[in-house]
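**Q** As they're listed, the protein sequences go chains A and B. Note that the working numbering numbers the first sequence so that position 1 is 55, with each residue one more than the last. Note that the working numbering numbers the second sequence so that position 42 is 43, with each residue one more than the last.
No lab work stands behind these hints: they were computed from the structure. Careful, some of the hints might be misleading.
Ranges of calculated distance between the beta carbons of each label pair, as one might list FRET restraints [stated by the list, open to error]:
(1) B:A81 / A:K117: 42 to 50 angstroms
(2) A:K111 / B:S8: 28 to 36 angstroms
(3) A:K111 / B:G4: 16 to 24 angstroms
(4) A:E99 / B:P9: 16 to 24 angstroms
(5) B:E52 / A:D93: 26 to 34 angstroms
(6) A:D93 / B:P9: 14 to 22 angstroms
(7) B:H68 / A:S78: 33 to 41 angstroms
With the C-beta cut set under 7 angstroms, the calculated list includes, among others, these residues of chain B facing chain A [what the hints assert, rightly or not]:
(8) Q42
(9) G43
(10) F106
(11) P108
Stretches of chain A that chain B covers, calculated by requiring three or more beta carbons in the stretch to come under 8 angstroms of a beta carbon on chain B [claimed, not checked]:
(12) 96 to 102
(13) 139 to 150
(14) 155 to 164
We put the beta carbon where it would ideally sit given N, CA and C, even for glycine.
Take a look at the letters that make up each chain.
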Amino acid sequence: EDQVTQSPEALRLQEGESSSLNCSYTVSGLRGLFWYRQDPGKGPEFLFTLYSAGEEKEKERLKATLTKKESFLHITAPKPEDSATYLCAVQTEGTDKLIFGTGTRLQVFP
Amino acid sequence: DAGVTQSPTHLIKTRGQQVTLRCSPKSGHDTVSWYQQALGQGPQFIFQYYEEEERQRGNFPDRFSGHQFPNYSSELNVNALLLGDSALYLCASSLGDRYPYAQYFGPGTRLTVT
Numbered sequence: 055e056d057q058v059t060q061s062p063e064a065l066r067l068q069e070g071e072s073s074s075l076n077c078s079y080t081v082s083g084l085r086g087l088f089w090y091r092q093d094p095g096k097g098p099e100f101l102f103t104l105y106s107a108g109e110e111k112e113k114e115r116l117k118a119t120l121t122k123k124e125s126f127l128h129i130t131a132p133k134p135e136d137s138a139t140y141l142c143a144v145q146t147e148g149t150d151k152l153i154f155g156t157g158t159r160l161q162v163f164p
Numbered sequence: 002d003a004g005v006t007q008s009p010t011h012l013i014k015t016r017g018q019q020v021t022l023r024c025s026p027k028s029g030h031d032t033v034s035w036y037q038q039a040l041g042q043g044p045q046f047i048f049q050y051y052e053e054e055e056r057q058r059g060n061f062p063d064r065f066s067g068h069q070f071p072n073y074s075s076e077l078n079v080n081a082l083l084l085g086d087s088a089l090y091l092c093a094s095s096l097g098d099r100y101p102y103a104q105y106f107g108p109g110t111r112l113t114v115t
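Construct the complete structure from the given sequences, taking the supplied hints into account.
**A** Below, the structure written as structure tokens:
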């Protein structure tokens with residue numbers, strides 16, 4: 055069964071303290087891996103798509119990387135406005151749906 | 002550029018009633034997917050519509066049904082509401098003929114069943 059696991063469940067960082075969020079996946083054939091940011095009570099906001107192992111994407115303080123079994127979302131020098139839940143999702147061969155993990159709830163305090 | 006819009010924002014219904022949620026896709030997108038998100042969980046795929054047909058369905062009962070209109074907008078209908086149907090319902094749009102593709106989400110409809 056295709057599965058996505060995110061860790062940690064929650065992460066508290068001080069402003070400026072860099073860290074990484076992990077997304078491990080077990081799928082029959084990966085078509086793409088997606089990272090989203092979700093603020094409380096709102097819909098997920100698209101951040102990145104990664105297609106193949108070794109690929110990296112960057113946006114402001116965020117950098118996403120992909121291996122054959124997991125993806126990392128690195129947050130460099132985070133600010134309080136980066137506080138949100140970060141969701142990882144995969145799309146597998148032969149299907150159109152996204153399979154989500156349960157997310158990492160990030161809190162960045164001044 | 003208009004993003005994905007959903008209506009209503011919030012809805013309170015009684016167990017056993019029926020509900021209809023609406024979604025307009027991002028400009029230029031032709032595919033709409035619906036997801037259910039329970040508190041503290043990731044979104045769960047309900048179904049996807051492309052060219053006015055249901056293209057794929059997740060593990061949801063037949064009480065959940067949908068429709069896509071010629072302008073690509075979509076509706077999600079839920080019959081015989083249960084307390085467990087209380088959740089955030091998300092609509093996502095994408096381009097149906099490009100793989101893999103990112104799905105862009107709307108703000109969601111918060112459904113509460115009492």
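**Q** Hint by hint, work out which the structure violates, then give me just those numbers in ascending order.
**A** Violated: none.
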